[in-house]
Amino acid sequence: MEKRVTFKGIWLPLLLVLPQIAITAVFFFYPAGQAIWQSLFIPDPFGLSMQYVGLGNFEFLFSDPFYRASFLTTAIFSILVTVVSMGIALYLAVLADRLIKGSGVYRTLLIWPYAVAPAVAGVLWLFMFNTRVGVVTWYLGLLGYDWNHVLNGEEAMGLVVVASAWGRISYNFLFFLAGLQAIPKSVIEAAAIDGAHFWTRFRTIVFPLLSPTTFFLLVVNIVYAFFETFGVIHTITSGGPQQSTTILVYKVYSDGFVGQDLGSSAAQSVVLLVIVGLLTIVQFKFIERRVHY
Amino acid sequence: MATVSLKNIKKSFGKTDVIHGVDIDIQEGEFIVIVGPSGCGKSTLLRMVAGLETITAGEVHIDDRKVNDLEPMERDIAMVFQNYALYPHMTVAQNMGYGLKIAGRPKDEIADRVDTAAKLLQLEPYLDRRPRELSGGQRQRVAMGRAIVRKPAVFLFDEPLSNLDAKLRVQMRLEIKQLQRRLGVTSLYVTHDQVEAMTLADRMIVMNAGRADQIGAPLEIYANPATEFVAGFIGSPPTNFFSADLVQTPQTDAKTLGVRPEHMEIVTENARLSGEVLYCEALGAETLVHVRVPNEQVLTVRQSAEKPQPSEGTPIGLNWSANDQMGFDENGKRR
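Chains P and W are the protein sequences, given in the same order. Using my numbering, read the first sequence as starting at 1 and increasing by one per residue. Using my numbering, read the second sequence as starting at 1001 and increasing by one per residue.
The following block holds chain P by itself, in its conformation from the complex (with noise of 0.2 Å):
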C-alpha cells in the first residue's frame, strides 16, 4: 500500500521534476547524442571536417583485436575488483555482526576508505608499489620477490585491481552489514536449535536472506568496475604495460584524447552505453523477482 501524493494539474509536478531533467538532459542526453552522432563520421584531427562513415567506426572496432583484447581485460578487471571487493566485504561484516563491544570504532575505521577518491587511492598504492621507492616493494625484494609492475602485465593488473577493490570494500561493507543486521535474530537462534552450526547457518539462511544485498551489490560494482575506475587506472599504469591494464572506458579516453581518433573514440561509448543499459535492465529484471521474498 504505497501512499502517493498526487496532484490536481501538471504544471507544478513539471516545475518540480525540471531540475533534475535539466540536469540529466545537460550532462547525459546531450553528450550521449552527440557521442551516438559522432561514431558515424570521422572527423579530421583538427575537427574542422567530418566525413559520414556509416557504421564503419564499429565494423573497425569489432574487428580490432585490441579493442577484443580491451574488452577480455575489462571482463577480468571487473571480475576481479567484484570478487575481492565483495568477498572481503562481507567477511568483514561477518566479524562486525558478530562483534558487540567496539563495534563503532572498527566501522568507523572500514568507512573511512570510502572517503578517499579513486585517484588519490590510486597514487597511495602507487607510492605503496613503486618500484623504486615503494615500501611494500622494498619488503617484497627482502623475501626475494622482484616486484615491478611497470614491466609485468600480470602485477600491473593485480595493483589496479587492489587499489579498485579497496575503497569499494568500505561501500560493500555497509551495505551487507546492514544487510546482516536486517535477519532476524530469533531467525538464526531457532536455526542454531535446529542443529545448525556456524557456517551451515551461514550457507543455509544467512546467504541466502542475504541474496537482495549481493545482487545489488554485484551490479553496483560491476558498474564501478567497468566505469569509476578510470581515476585509478589513470595514475598507477595509464592503461599499460602494453595495454594489459587498458580497460573499456580508459580505451575510450586514450584513442580519444590520446589517439586522436574521435570517431572510433564514440563509437566505443556507445557499445559502453549499450552495455549499462543491459546491465541494468538485468538489475530491475531481476530485483523484481527471485530475489525478494
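Be a bit skeptical, because a hint or two may be false.
With a straight-line Cα cutoff of 20 Å, these simulated SDA-like cross-link-like pairs (lysine to any residue) come out [unchecked claim]:
{"id": "1", "chain 1": "W", "residue 1": "LYS1101", "chain 2": "P", "residue 2": "ILE281"}
{"id": "2", "chain 1": "P", "residue 1": "LYS185", "chain 2": "W", "residue 2": "ARG1047"}
{"id": "3", "chain 1": "W", "residue 1": "LYS1101", "chain 2": "P", "residue 2": "HIS197"}
These are calculated hints, taken from the structure and not from any lab test.
Add chain W to chain P, keeping to what the hints say.
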C-alpha cells in the same frame, strides 16, 4: 520426553543481576508455565534452558545430563519464538524439515515426519507455500510443526501467542494444550498473560523481579498466593489490597490485607469496610463495582449480574468471609 531440573539458576548481565536463583524439578511430560510481568527475567530463564544465554551460576539438567556448557543443538530441545522465526526463503515443508535435513536424515523419513506433523496441525494444504503467504495463526502452526518434527525431549515456548489477535489466541491456547497432552513432551512456556498461564499449566512459576515468588499448580496458587505480588498478579480483576488499619475490627497482625473481588460482597449492615460507589462496569454475566473507601483507595467488587446494581455515589458497606482474607507482612510475604 525428559525431566528438566534447574538448580539455583542465576544470571547477571555485567554487574546487573537479573535472575537471583531459581530452583525447580520438572517431571516427564509436565507442562510448566513461567509467568510474570515484562522484565521479570522469564524469557531470560527460558533462553538459558535453550542455551541461547550463558548461565552465570547454577545448573540445568535435562534427563540427568548437565547441559550448562552444551550448545543449543546438543540439548535436544525445540523452541517456538514469539515472532515465529520462520526461514522466509523456505517453504513450509522446508521450514519444518530443516532440522532433520541438517542432521542428515534420509529424504523419505523427512517427508514422512513433515507430513505427519502437517496432518496433526492441519497444515497439509500449505506445505509448498512460503511464510509470507500465510496468516499469523498458520505461521504459528508452522513454528509448532518445526518443533514437533524433530521429536525433541523438551519444548520451549517463548510467548508464542502474543502476536495473535485475542480470538485466535484462545483457540491456539487450546490447541497447544491438546497437542502437548497428546505428544506428552515436557514443556516450558513463557507468558506474561496470567489467563494463558492458568489454563495451560500443570504447574506454574510466578516470577517477580528475577525471583520465583511461587511455584505450584494454578488453582493452588490462586487460592493460596505466597506473596502480595502473586496475589496481585494472578487473578483478574486483581486482588484488592488495603492497609490492615482500615478494617474496623483488626483480627490479624498483618500489615496489608488482600481480598479478591469475587470474595467481596456489598452489604447494608455488619460491614467490615464502608465506602461509596464510584462507578459500575456491567460486563453481562457479571458486574464490577468500584468502591472508594475512606483512605481514597478504590476497591473492586465482582458480583453476579443478577444482583442489584448500586447507583453511583451511594454509600455502601463491604464484607467478606475471614477465610478469604489474605494477610501480608511489610515485605509482602504471606502471614
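Hint check:
Restraint check for W/LYS1101 and P/ILE281: the C-alpha separation of about 37 Å exceeds 20 Å, so the hint is violated. For the hint pairing P/LYS185 with W/ARG1047, the CA-to-CA distance comes to about 13 Å; that is within 20 Å, so the pair holds. Of the pairs offered as hints, the one joining W/LYS1101 and P/HIS197 holds, with about 13 Å between alpha carbons and a cut-off of 20 Å not exceeded.
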